[in-house]
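Residue numbers (numbering that gives the first Met the number 0), protein chains in the order written: chain A, 0 to 611; chain B, 0 to 339.
Among these hints, one or two may not hold up.
A partial selection of chain A residues facing chain B, derived with a Cβ cut-off under 8 Å [to be verified]:
hint	residue
1	Val159
2	Ala165
3	Gly168
4	Phe169
5	Thr172
6	Thr187
7	Phe263
Don't read these hints as lab results, they were simulated from the structure. Note that beta-carbon positions come from the ideal geometry of N, C-alpha and C, so glycine has one too.
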Amino acid sequence: MIAVADVRRLARRRWGVVLVSLGALTVVAAAAALMIGDYPLGPGQVLAVLFGGGEPVEQYVVLQSRLPRLTMALLVGAALGVAGALLQALLRNPLASPDLLGISGGSTLAAVFCLLVLGLTGPVLAAFALVGGLAASALLLAVARGRAAGYRLILAGIGVSFFCAALVGFLMTRAQLQQTQAALVWLTGSLASTPWWQVIVLAAVWVLVLPLLLPLSRRLPVLMLGEQTATGLGEHPGWVGSAGVVVAVVLTAVTCAFAGPISFVALCAPAIARPLTGRPRAECAGRRGAAGAVGSRRAVRAPERVDAGRCGHRGVRRRVPAVVARDVEGTRTMTTSARTTRVEARRLTARALRAGYPGRTVIDGLDLDLAPGRITMIIGANACGKSTLLGALARLRAPLSGAVELDGEDVARIPRASYARAVGLLPQHPIAPEGITVAELVSRGRHPHRGLFRRWSAEDSAVVDDALQRTGTAELAARPVGDLSGGQRQRVWIAMALAQDPSILLLDEPTTFLDLSHQIEVLDLLRELNTTRGTTIVAVLHDLNLAARYADELVVLAGGRLIAQGAPVDGLTAKVVAEAFALDALVIPDPLTATPLVVPVPGGAHVTADPA
Amino acid sequence: MTRAPRSAGQRRIAVTAVVAAALTLAAAVLSLAVGARSIAPAVVVDALFAYDPSLNDHVVVLTQRVPRTLIGLLAGAALALAGTTMQGLTRNPFADPGLLGVNAGASVGVLAAITFAGIRQPAGFVWFAFAGAAVAAVFVAVIGSRGPDAASPAKLALTGAAVTAGLTSITLLILTTQSAALDVYRYWSVGALTARGLDTVALVVVPLAVGTVLALASARGLDLLALGEQTATGLGHSVPRTRAIGILAAVLLAGGATAIAGPLVFLGLVVPHLLRFLVGAGYAALLWIGMPVGATLLLVADVLGRVAAPPGEVQAGVVLAIIGAPVLIALVVRGERVLL
Numbered sequence: 000m001i002a003v004a005d006v007r008r009l010a011r012r013r014w015g016v017v018l019v020s021l022g023a024l025t026v027v028a029a030a031a032a033l034m035i036g037d038y039p040l041g042p043g044q045v046l047a048v049l050f051g052g053g054e055p056v057e058q059y060v061v062l063q064s065r066l067p068r069l070t071m072a073l074l075v076g077a078a079l080g081v082a083g084a085l086l087q088a089l090l091r092n093p094l095a096s097p098d099l100l101g102i103s104g105g106s107t108l109a110a111v112f113c114l115l116v117l118g119l120t121g122p123v124l125a126a127f128a129l130v131g132g133l134a135a136s137a138l139l140l141a142v143a144r145g146r147a148a149g150y151r152l153i154l155a156g157i158g159v160s161f162f163c164a165a166l167v168g169f170l171m172t173r174a175q176l177q178q179t180q181a182a183l184v185w186l187t188g189s190l191a192s193t194p195w196w197q198v199i200v201l202a203a204v205w206v207l208v209l210p211l212l213l214p215l216s217r218r219l220p221v222l223m224l225g226e227q228t229a230t231g232l233g234e235h236p237g238w239v240g241s242a243g244v245v246v247a248v249v250l251t252a253v254t255c256a257f258a259g260p261i262s263f264v265a266l267c268a269p270a271i272a273r274p275l276t277g278r279p280r281a282e283c284a285g286r287r288g289a290a291g292a293v294g295s296r297r298a299v300r301a302p303e304r305v306d307a308g309r310c311g312h313r314g315v316r317r318r319v320p321a322v323v324a325r326d327v328e329g330t331r332t333m334t335t336s337a338r339t340t341r342v343e344a345r346r347l348t349a350r351a352l353r354a355g356y357p358g359r360t361v362i363d364g365l366d367l368d369l370a371p372g373r374i375t376m377i378i379g380a381n382a383c384g385k386s387t388l389l390g391a392l393a394r395l396r397a398p399l400s401g402a403v404e405l406d407g408e409d410v411a412r413i414p415r416a417s418y419a420r421a422v423g424l425l426p427q428h429p430i431a432p433e434g435i436t437v438a439e440l441v442s443r444g445r446h447p448h449r450g451l452f453r454r455w456s457a458e459d460s461a462v463v464d465d466a467l468q469r470t471g472t473a474e475l476a477a478r479p480v481g482d483l484s485g486g487q488r489q490r491v492w493i494a495m496a497l498a499q500d501p502s503i504l505l506l507d508e509p510t511t512f513l514d515l516s517h518q519i520e521v522l523d524l525l526r527e528l529n530t531t532r533g534t535t536i537v538a539v540l541h542d543l544n545l546a547a548r549y550a551d552e553l554v555v556l557a558g559g560r561l562i563a564q565g566a567p568v569d570g571l572t573a574k575v576v577a578e579a580f581a582l583d584a585l586v587i588p589d590p591l592t593a594t595p596l597v598v599p600v601p602g603g604a605h606v607t608a609d610p611a
Numbered sequence: 000m001t002r003a004p005r006s007a008g009q010r011r012i013a014v015t016a017v018v019a020a021a022l023t024l025a026a027a028v029l030s031l032a033v034g035a036r037s038i039a040p041a042v043v044v045d046a047l048f049a050y051d052p053s054l055n056d057h058v059v060v061l062t063q064r065v066p067r068t069l070i071g072l073l074a075g076a077a078l079a080l081a082g083t084t085m086q087g088l089t090r091n092p093f094a095d096p097g098l099l100g101v102n103a104g105a106s107v108g109v110l111a112a113i114t115f116a117g118i119r120q121p122a123g124f125v126w127f128a129f130a131g132a133a134v135a136a137v138f139v140a141v142i143g144s145r146g147p148d149a150a151s152p153a154k155l156a157l158t159g160a161a162v163t164a165g166l167t168s169i170t171l172l173i174l175t176t177q178s179a180a181l182d183v184y185r186y187w188s189v190g191a192l193t194a195r196g197l198d199t200v201a202l203v204v205v206p207l208a209v210g211t212v213l214a215l216a217s218a219r220g221l222d223l224l225a226l227g228e229q230t231a232t233g234l235g236h237s238v239p240r241t242r243a244i245g246i247l248a249a250v251l252l253a254g255g256a257t258a259i260a261g262p263l264v265f266l267g268l269v270v271p272h273l274l275r276f277l278v279g280a281g282y283a284a285l286l287w288i289g290m291p292v293g294a295t296l297l298l299v300a301d302v303l304g305r306v307a308a309p310p311g312e313v314q315a316g317v318v319l320a321i322i323g324a325p326v327l328i329a330l331v332v333r334g335e336r337v338l339l
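Based on the sequences and whatever the hints tell you, model everything.
Below is the structure:
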């Protein structure tokens, strides 16, 4: 048994080691940056200048040339590292980089235009590059409808890059050779002869951006579970995504304006940081920044550090069992005491609900009352509106009209985080980020319970441990989710929903792709949760017989309308089955539970037994 | 004689094919007739069928416009085929031959020709560009095909990106240190159909022909691959063979086209996208009709470049991107059907 507190403690220790090592590397790189160059300086000379002494030449070299260059490198590297980490998290693509947003393309075009056509340099050039980069990315985001998602953005980004690259090429063929060379130098990206004012501007941008990074670093790990899960955990994926994109665009555009288009750092820094921190999340944005800062000075070192990081990773993994063995007893006592309370009973209702997509109404005028503390199963044919209903209840999509109410209050008025503490959702296809471990995934269920500055608490650990144990996944805590079987994975996702600890749990086809025994296992788990904790369960299910067995109440939908609601014995009749599924069936009492058992009448003349 | 009735989809494909062929013919005539020196179509026909070396117009048509038009036809068709093949192989609507490092390799090849062999004329670059493109692409294909998930799309894309980045830095290194090389390279790198003779075209005819045959032959394999590797294998198809043939075809076609016309980045990406709107997702139609469509686009871009900014010319590669980028973005805005 592995307690989540131990997993987190190990991770924290690793973070400490990583941070200290990266900090040390940055210091070494910074020292090298101050000493090495056309005019080599010893450590003593550099220190003397930094503390106000030294020869005038040395003072000039260090204070006017190398120090601004070094500071710029640190700020640029950190900015690109953070921008890359943000975009890779938002696009859920480890190959994403700010180049996708057309910033370097637009920046380069504007800068080359300024250099070759207007013949201007200095602050004007930087301003042109900045405006060009921002304009290109604004155009792209407008095309992609403001979302940093999917293929629209990438395709439009390719178009913009081609456009800019072709025009740059054209301008280069029309200019004097000497000017072309100057433009080429800008194109290669350089930190040479950075003036202090650029450093100050970039530092100011950093100061503006930093307050946004902390809330983003809390939210991105949740967003990486997919938009539906994130909404279920009380996030607004659209807003978080837009904020992340804006931060990434601003950071990249400013660095590009001052240092030219520097590729690679934004792509590589997160890739280096990922194995170091052992988790594929943007939570370590700051650390990635540090890695980026070092990387931008001495890119050659990157492979060496990746290896070092991997070794550390393995070392920590090997230590897990020892810690686990030591802490088993303590963990058990802690969890059993913490988790016997029952959840508060909340009532979820739909009032004249019209839901669907713009231009296509799926559910029209549905009134539904979900009994608190009961298990409700929603059944119906494909495309009858089951998932749409669940989506409206979980606030994945706002209703077209009508309302969903929680204890009589319109849910649109309830803050998302507090709604997520009352109502949880397990989507049909949840997304697990690559490499995430079971313990981390389940821990993310605690998201709506954590404020911006509230640290992970002993209670959080206790709840997660309890969720792991209830679902029988505690043994898997340190395993990557990707390595699990389908049944195990489903239990892990249910554990995440349990860690969220909602009064009402919505599940979209939780048993799909599971074999019969695993289906029973999952449903037994839900039943047990309902009995011991009083959690209201609302699940979409395809298997009518299992739904009838486990439901206190059945909700039958057909064509977006409610055609039956009530106890399975009353709700599931041959007539209802015929209406909902267009299926000729015999409904008999289940020999074990006396709940309705639906036996479809075979097509053709294959009936051999007498149904009477 | 009775014929099987055609479905609406088939009729649409046939109509598109006929229209595309007609457009190509028109574009070719325009390309022969339009330029700094406008030549009447009748004179063009005369020049082709009753050549008279004493007439200046005839000389212009035969020594300049005919090679130029041929290059446009060949490179346009080849890039469309290569792009379609790459998108099918990688099941990625963003793929183009550049993914294999073709353009970056050709650039390094051309720079080697300029700096080490002292060649200054675009006609002399052909073999260097082709060799550079082929070496880079074969390297990407071989590295990307190692290991258990041989030549998986992600692996190819990553390898291609890494090789491209490495080669680009070599390019920049040469360019920033050798200003003479920069002076020649900057004209080649935008992609143009000018300043090559018929003898240049003859050099790449064989790779282009072989590539075309291989690409067209892989249509059914690409259709199956579009259903996923497992389904394709389950339908009794050899996925590794389709990949090998497809990659070879893309290398020959894109390498040949880049060798005669310079790096034209846009066609391979946009032609299959444009055609999916018109003929659907079947690769036979995409590949066959892609050829005239690609050729037409490139010729039209070249003709527009000739008249856009007299007395000079705007290179075809530049015109392609200026027209093509808005078209691509419009396709993106219009809807989801651009997806594979």
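Comparing the hints with the structure gives:
no. : hint   : verdict
1   : Val159 : holds, 6 Å
2   : Ala165 : holds, 3 Å
3   : Gly168 : holds, 4 Å
4   : Phe169 : holds, 4 Å
5   : Thr172 : holds, 5 Å
6   : Thr187 : holds, 5 Å
7   : Phe263 : holds, 7 Å
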